Amino acid sequence: MSVRVLFLGPLRDLAGRGESEFVSASGDLDWPELLAVLESQVTPALADAVRDLRVKLAINGAVVADREAVVVRDGDEIALLPPVSGG
Amino acid sequence: MSVRVLFLGPLRDLAGRGESEFVSASGDLDWPELLAVLESQVTPALADAVRDLRVKLAINGAVVADREAVVVRDGDEIALLPPVSGG
Amino acid sequence: MRLLDRGFSPAPPLARLARACPQSGGVASYVGTVRSEGVLALELQHYPPLTLPGMENLAVAAVERFGLDGLLVWHRVGMLRPASPIVLAAAAARHRRQALDAVEYLMDHLKSAAWFWKRERRADGWHWIEPRAEDFSALDRWT
Amino acid sequence: MRLLDRGFSPAPPLARLARACPQSGGVASYVGTVRSEGVLALELQHYPPLTLPGMENLAVAAVERFGLDGLLVWHRVGMLRPASPIVLAAAAARHRRQALDAVEYLMDHLKSAAWFWKRERRADGWHWIEPRAEDFSALDRWT
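Residue numbers (the working numbering), protein chains in the order written: chain A, 1 to 87; chain B, 1 to 87; chain C, 1 to 143; chain D, 1 to 143.
This is chain A alone, in the form it adopts within the complex (with noise of 0.2 angstroms):
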């Protein structure tokens, strides 16, 4: 399966770039899967920023009530949402 991942604000600096594809041979994946795929392709500082609670998930464009609770799929578009700083 493949997953695209985004980085926005301030993660798109830690993670050196505005997003990743990660292809996988295994199924879904679970919050830790996710994190761990985070810190061993990209750095382990942005799994580290994303680990803080104010970071919020989107999945195709839409946000994710629990973050623990997720499910990614194949082809799934994840963004990772870091507080905002608007207007």
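Hints are supplied without guarantee of correctness; some may be wrong.
What the hints assert, rightly or not - So, partial list: chain D residues that the calculated Cβ filter (under 7 angstroms) puts toward chain C:
{"hint": "1", "residue": "Ala11"}
{"hint": "2", "residue": "Pro22"}
{"hint": "3", "residue": "Val27"}
{"hint": "4", "residue": "Ser29"}
{"hint": "5", "residue": "Gly32"}
{"hint": "6", "residue": "Ser36"}
{"hint": "7", "residue": "Leu100"}
{"hint": "8", "residue": "His127"}
{"hint": "9", "residue": "Pro131"}
Just so you know, these hints were derived from the structure itself, not from any lab. This one's a predicted model, so the numbers in the text were calculated from it and none came from an experiment. For each residue, glycine too, the CB sits at the ideal point set by N, CA and C.
Assemble chains B, C and D onto chain A, guided by the hints.
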């Protein structure tokens, strides 16, 4: 002596004009005398409207704090200012 | 602070205020217009020796109270047509709350404490506009 | 509700809003600009699948809450220069209090509840702007 009296807002309609010049042989006018002049030389309805405590008085461009204590002198410009409705 | 006896467009003075205050975070404004429903014309009377000094005192008070970088108040007098601007109040400040509060303060004071008298021509003739009780209660917020 | 990736002038949309709402007593607005002091550039990031729907929900909520005749929110994204407009929020309503309150409501929610991330380039490089505690307390006023 002669004084000019300006009728602002709705008072203009009651007076039937925007201003009047009053000439009198007597000396300075106090508040009751000014009301008497309005009553006899313009209309009683105007004098009644001016008795409303919300109508303020300016002499030569300065609003008078206590209109009962006013003394009108030769050459003064008196403005009769009903409640405003600006904006 | 300006009293105008002919129509104006709010955009040029607003743009000038923004340009004059580059250090500000933004500009808040309010443009009051003559209503179009049932109103054929509006006449605004004023008393020049009081009206403009009153607006200038108001401006000084607002700058001080809200720490404004700049402000402007343009007010029409004379005969106005439906949908034309009556008043433009605008304030530039570092933070938006100051700018928005200042505009509200200016409008509240212009509405019920400045020397204007207003009458509307409707189908059945001219009607003087009385001050509304809610305009006075709006003023109380600032004391 | 518009997201724009290039500069805009607030005057034309404001004039259009006023024309579109002839029954309104007036139009309140706020234009937020990039500060000029020490800021060389500003970048605004957004996440399109969330940002525009979020702004549209906000608009619906504001129209309902304040009984508006019309409103508009234009927001820049991308790279901005000092003194250029970031955001224009405007509301037309029968009474000025509704219009001014609606603009404050829109700005409070855009500042801390809309999906924008902002960084400034200063002399020493790029800095991400953190949300300020006062932006959250501003939101509390509306609940």
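The hints, checked one at a time:
{"no.": "1", "hint": "Ala11", "verdict": "holds, 4 angstroms"}
{"no.": "2", "hint": "Pro22", "verdict": "holds, 4 angstroms"}
{"no.": "3", "hint": "Val27", "verdict": "holds, 5 angstroms"}
{"no.": "4", "hint": "Ser29", "verdict": "holds, 5 angstroms"}
{"no.": "5", "hint": "Gly32", "verdict": "holds, 4 angstroms"}
{"no.": "6", "hint": "Ser36", "verdict": "holds, 4 angstroms"}
{"no.": "7", "hint": "Leu100", "verdict": "holds, 5 angstroms"}
{"no.": "8", "hint": "His127", "verdict": "violated, 17 angstroms"}
{"no.": "9", "hint": "Pro131", "verdict": "violated, 15 angstroms"}
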